[in-house]
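*Asks:* Sequence:
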Amino acid sequence: MRHALFIAVLFSFVWQTSAEITIDRTGQPTTVVRVDEPTTVRELGHHLRLNPDEAHAWLTLTPAPDEPLTADSPLTPGFVETHRPAVPNTAVFHLGSATRWSTLAGLGPPREAFAVFMLRQARREAQAKRDAGYHVVFHESATADDTRHALTNMTHNGTLAELSFFGHGDRGIINTTGDPLTGVLPKRHTAYGLPRLALHTCGSLHPAGSLTLTLDIKGNTRRLPPNTASHWQFNVAPHGQLVGYPQQDVTPITLGLTLTLPGLRPHPKFTPKPPAARLQAGVPAAIPPR
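Under our numbering, think of the first position of the sequence shown as 1, with each following residue one higher.
Please note: incorrect hints may appear among the correct ones.
Here are the computed distance ranges between Cβ atoms for each label pair [unchecked claim]: (1) L259 to T70: 31 to 41 Å; (2) E140 to D66: 21 to 31 Å; (3) H149 to P77: 32 to 42 Å; (4) D24 to E67: 24 to 34 Å; (5) V116 to P77: 18 to 28 Å; (6) P77 to D131: 25 to 35 Å; (7) N157 to D24: 14 to 24 Å; (8) D72 to Q127: 35 to 45 Å; (9) P238 to R25: 16 to 26 Å.
The set of hints was computed from the structure by calculation and includes no laboratory data. Glycine is no exception: its CB is placed at the ideal position from the N, C-alpha and C atoms.
Sequences are here, hints too, so could you generate the full structure?
*Replies:* Quick look at the structure:
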């Protein structure tokens, strides 16, 4: 009886806590937040699987308050009514060259079957996001620049909630199209950690212990910290999900062997500056792995 009472009280608390925050997803790039009872920026971040300490990057207030918000700042119904907080609501789906029939000529039925599977999976997931009220961006012929733009500019304007990429990959680099120099390196790109980043490519989560890749904003090369499996983890919030393939070669047999990793908070000096500031600092667009 005592255990049953405890479970009932716990269920009531969880229900009331989740009922405080309402996310109105109406297909727009950002979505408005409503609260029924006082809560905090920290609770909102946990609800969205975003890092509360990065709320300055993913939480937009109109008009801006007199004092900047912190993770412990209260969000009352009156404050929310006045400042209409908006949060990211854009789900991006990029399909690289591996999903196009024209690039598969002569490579055999297994590769063609893999491409068709990825295309169908991407369309199915994109439709599910539309049905859930997300603003969906779907590129069937995405370039590396398209993917890099989504990871940088769309987080600097606070609209990117999720990104899924389907295509070629090589040792953690995505959208290589056969040339690693044209791909997107696995380093910190985003202004805030995403709730979800899915990289459906060969070796997208390939262990990088033997590689040295660019991490900091000055272009200095650094190795992975201990217990880190992929540089892509720095683009995902600690309560978010990084999904990908540790296998260097993905075939129809290994399609379901994805790995899910948590995100990591990067060291402050690894946090990227806005694009203009990065350009002024002379940061190279890409540095290939050694």
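*Asks:* Evaluate each hint against the coordinates.
*Replies:* We went through each hint and held it up to the structure:
1. L259 to T70: 31 to 41 Å: Roughly 34 Å apart at Cβ, these two residues keep to the hinted range, so it holds.
2. E140 to D66: 21 to 31 Å: violated, 46 Å
3. H149 to P77: 32 to 42 Å: For P77 against H149, whose Cβ atoms are near 37 Å apart, the range 32 to 42 Å holds.
4. D24 to E67: 24 to 34 Å: Once the Cβ atoms are compared, 26 Å apart, the range 24 to 34 Å for E67 and D24 holds.
5. V116 to P77: 18 to 28 Å: The hinted range 18 to 28 Å is violated for V116 and P77, with Cβ atoms some 49 Å apart.
6. P77 to D131: 25 to 35 Å: Taking Cβ atoms as reference, P77 and D131 lie about 29 Å apart, which means the hint holds.
7. N157 to D24: 14 to 24 Å: holds, 19 Å
8. D72 to Q127: 35 to 45 Å: holds, 38 Å
9. P238 to R25: 16 to 26 Å: Since P238 and R25 have Cβ atoms about 23 Å apart, the given range 16 to 26 Å holds.
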